[in-house]
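Protein chains in written order, with the numbering used here: chain F, 2 to 323; chain A, 2 to 323; chain R, 2 to 323; chain D, 2 to 323.
Simulated from the structure, these hints should not be mistaken for laboratory data. You may find that some hints are simply not true.
Any copy, or any two copies together, can satisfy a pair, since identical chains are not distinguished.
Straight line, CA to CA, 30 Å or less: simulated DSBU-like cross-link-like pairs of lysine-lysine [said to hold, decoys possible]:
#: 1; residue 1: K318; residue 2: K289
#: 2; residue 1: K105; residue 2: K168
#: 3; residue 1: K59; residue 2: K121
#: 4; residue 1: K105; residue 2: K318
#: 5; residue 1: K228; residue 2: K314
There are 4 protein chains.
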Amino acid sequence: MIGDAGCAILRCLLGLAICLLPGIRKAQAVAQAPEKIIIDTDIGDDVDDAFALALAVKSPELQILGVTTTFGDTEARAKIADRFLGEVGRAEIPVMAGKATATKNPMSQRRYGDGGHFAKASHGDAVEFLLEQIRKYPGEITLVAIGPLMNVGAAIDKDAATFRKLKRVVLMGGSIRRGYGDLGYTAPVPPMPEWNINILNDVASARKLFAAGVPLFVMPLDSTQLKMDEVKRAFLFSQGAAVTDQLTVLYHLWGQETPTLFDPMTVAFVLRPELCPVHGLHIRVDEKGFTREEPGTANAQVCLDSSAEDFFKFYLKRVAAR
Amino acid sequence: MIGDAGCAILRCLLGLAICLLPGIRKAQAVAQAPEKIIIDTDIGDDVDDAFALALAVKSPELQILGVTTTFGDTEARAKIADRFLGEVGRAEIPVMAGKATATKNPMSQRRYGDGGHFAKASHGDAVEFLLEQIRKYPGEITLVAIGPLMNVGAAIDKDAATFRKLKRVVLMGGSIRRGYGDLGYTAPVPPMPEWNINILNDVASARKLFAAGVPLFVMPLDSTQLKMDEVKRAFLFSQGAAVTDQLTVLYHLWGQETPTLFDPMTVAFVLRPELCPVHGLHIRVDEKGFTREEPGTANAQVCLDSSAEDFFKFYLKRVAAR
Amino acid sequence: MIGDAGCAILRCLLGLAICLLPGIRKAQAVAQAPEKIIIDTDIGDDVDDAFALALAVKSPELQILGVTTTFGDTEARAKIADRFLGEVGRAEIPVMAGKATATKNPMSQRRYGDGGHFAKASHGDAVEFLLEQIRKYPGEITLVAIGPLMNVGAAIDKDAATFRKLKRVVLMGGSIRRGYGDLGYTAPVPPMPEWNINILNDVASARKLFAAGVPLFVMPLDSTQLKMDEVKRAFLFSQGAAVTDQLTVLYHLWGQETPTLFDPMTVAFVLRPELCPVHGLHIRVDEKGFTREEPGTANAQVCLDSSAEDFFKFYLKRVAAR
Amino acid sequence: MIGDAGCAILRCLLGLAICLLPGIRKAQAVAQAPEKIIIDTDIGDDVDDAFALALAVKSPELQILGVTTTFGDTEARAKIADRFLGEVGRAEIPVMAGKATATKNPMSQRRYGDGGHFAKASHGDAVEFLLEQIRKYPGEITLVAIGPLMNVGAAIDKDAATFRKLKRVVLMGGSIRRGYGDLGYTAPVPPMPEWNINILNDVASARKLFAAGVPLFVMPLDSTQLKMDEVKRAFLFSQGAAVTDQLTVLYHLWGQETPTLFDPMTVAFVLRPELCPVHGLHIRVDEKGFTREEPGTANAQVCLDSSAEDFFKFYLKRVAAR
């Protein structure tokens, strides 16, 4: 049993916290202009990008200026994004393709875009688009970066001053204290770069981003191993709504059992920052792709822990909403 | 070890059979006019109706004159058929609704049609449509009956003479020697009417059909417990084609694990009769819904056994074909 | 974004709470005599009883005085408990059978005990045993009641004064504000007695318990819909330890997909009360089996909410420990 | 429709075949002495070895002289076999370990044997044991070879003349016309050595075996991609018998979804040769591990096709039998 004194203090503190929360929530909901976002994604390999996009299109608080694709066959990825946006009634959102890069990745969801449904006539250049939008809305745009960082690196190379006029970058990437597979009940798993793929696939660009001087919010493996288990899938995939139907189809093309919703936490963070509390850290991306916590002034606000339950209560309600 | 003599005879016979088969196949494929069919379905509850429809729309040998819905909320079922046909590019196929009947059935896939995608402006009367088409094409139409037999009974009541001008009825229904759950490795399960739902839900109409004097081909539980297991689902649901995407979505709305493809065997039988070899039997439908084999002249050609493997090789190849 | 001031206060409070927790934990672990418990269970139907027993046998903080079986074929249940305890090396724990009652329940895990492995020569009477142990250890025994309440009711009828000398009863049962299926992301589901089976199967005994004047801790559906999903099953069922092997086998006999660990929360509460925080409530069990919250002095300490994540972190680590 | 003439001939032939079969079956069942077998296995990696062992221990027609382990950590494999045999009441069957070889294989089911339950005091040498038994029972022993061929190669090296006194070798290995993943409804998959692991892991020994002059029966990938799907698993894993409980536990340690019962076909072939009809072929094992069909006198009887349905009807009934 918990000692009575400790218990009393704890209850009191939690009580206070609970009292404060509604006020915070209300302040947040009142009268905000939609948040302008651009989503930079490698949709088509792991299925979590699609789940992130789904959350974004179901959120009226967001104004999606565009979707940009990165890594490998960016044109094929753009067609996947086209179809997804078309099927859910958001064909007006522009889709731009980054520069193609070499990869052996088979792209599990390639067939989804192959038929050309809702395919846009052409896809402009992702980096041009990104810089152009920043110039148009300086200090207003949140870049949600959920793929390898080729487009980000190229934008910094091309015009670092403009890039710095982003309101912020919210990044899925890194593995600070916990590695992949550490779910809190297993033996601890140390961070290993091979799972840290958004960083690993373009280490040079990652290093540029951490040095860019733009407000940077990082959702690493530590807080994003969010398992979309059979109970949650059964709920979501039986909604019969446009967005959930597309997720159902993409899930099966992906072909594995349990999606891990790494990427959607970035969008969730934009909408509900309390779902992934951040702390200022100085992160060094080393040449092997490790993201190491080091002494020094903070260059990123990093979320090291989250409640999967709270995340899914928010995510599932929102994406299933009619 | 098999005795040498027996073995030799057997090999010889099987060899001969194999030699003959290609000739038979070829004869069959050459120069046939498409088979005219009407599909009478309770699509929306069990998911096998959708799998039957999928096989039909992927088969150029068939001319689908129309789809008629039966049992319960026939209008909701018609909307499900509308959307399915629309999504797969076959919106031109007419969909007619039977008379609604009372049922407590929640209709697992109702949401699929709720949004009204591809919904036709209105659905004509199923029985009128059926009789009208028979008059137009006497002796040419195969009625594929994969739902409870309300429409069939009503058509016989209204104009038995016209009904008899069907080329044939191919029915999923009945349980002659094997009951549900008997998969060949368990203890035998006797037939029980509660699983024999296409008959049980309208016994009176079933009795009319077996007495109608129309050529009747019956695919009972004995030959249709065709399990769409995880391996087959993974194959089909990752095709990313229009038809397989719709099956994927409907499968999840259905919400159970393993579909049993009872109904698709009727369509497979029309296309490849060797997949479900029939024998003339005299079947009596008793008042409780049992389908009893009795002495007497055959009133139905009944398929009592089939190879699930052969069925699925045909079914999966056909539905996944591009 | 959360306002800066609110955020700062919240962080401060959470920080303080986190600082206090280790102290509380340590105090708890120091120098306690093992907690004497008796587990009254309907093991053999739903599989969660076995998961509760597994937690108990893996917990050195507990001294399991005995296991008593209740509801239906209590002798068959006792054999299941015998085998489980024997297989995990705890054959010394006595198993007593309650009075058999009529039920149509097929008992999914009956086969587990059928072979008679580790079966004790005979099972004494559950109610006699319970009262005898209370007399031996007055004020010391926690009764963990995870089945319908026949034994509890019979013990109160026989000797209410002795029953009141239990240290406490920790009960899985009831549905106060949330019904079954309400997982926090669906539409709210109101409490319904049909899911509240430990109460419903013997309402009279439940009413006696709530009026018995014994300290009563209640874990209702509100806080015990703890889903043992595919990720957690894969972890636990691949441990290859004696206890997890038995859970694996029982899980498959049960034959469904996702176990809900209702019952294990009672044992977890005994070990870690902070996993299911309780509040004093006055609960009235009505004649239909509803457990209604009413004004009045508290007759039970009820846990209305819990964190499934925290529960499973504790449960899985403990049961998988070597 | 099939043309009437062709159909008549076909029916007649099939009718004849069916008439002959019972006679053949009967002849086979009468009055045979048990077949002496030795099972050479890499139990512990893929789970199909355990399913093969399960079939053998449930078959009174077989006298299992011993189990020998091959490939990698053969001692750990021997402990797994020890426990399996002990748990199912067959601890008297000797288990011998082959020479350990280097491998990076993690051995999915290692934990099963780690506890040392039923572990024999020591394991004799597999090759010695094999040669000794052949000398004892010349011309009587069937070697069921379901692992990489280290022990087979070593036995030939040591005493080829004795090895030739085996009655026969029944081998799971090779991929003649079909590769892995070709289930009859996908695009054809050509044979590739990487899946042909029993051959690939010791090509030199495989070549010796095909040249040994011993009667050799080969069950390659062509006829052994037998998928143990969810329906079959649910049936088998809910039997609650000693053998099926062990398979349940090993299945979960293996940790994948769908076992492919490659190896059990060898044991099934010994019991029911009609389940995998063989043809004389000349097979050349090339240096890369391909098993190529070439002109020349037959050096193996190879089964190129089988009915998975017939296999499972036999397998499941037999292993689930009480």
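Structure-based check of all given hints:
Taking the closest pair of Cα atoms, K318 and K289 never come within 30 Å of each other, the shortest separation being 39 Å inside a single copy and 32 Å across copies. Taking the shortest Cα distances, K105 and K168 never come within 30 Å of each other, neither inside one copy (35 Å) nor across copies (49 Å). In this homomeric assembly, K59 and K121 come within 30 Å of each other (Cα to Cα) both inside a single copy, at 21 Å, and across copies, at 28 Å. For the identical chains of this complex, K105 and K318 are inter-copy neighbours only, at 28 Å across copies versus 37 Å inside a copy, given an alpha-carbon limit of 30 Å.
In this assembly of identical chains, K228 and K314 lie within 30 Å of each other by CA distance both inside one copy and across copies; the values are 13 Å within and 14 Å between.
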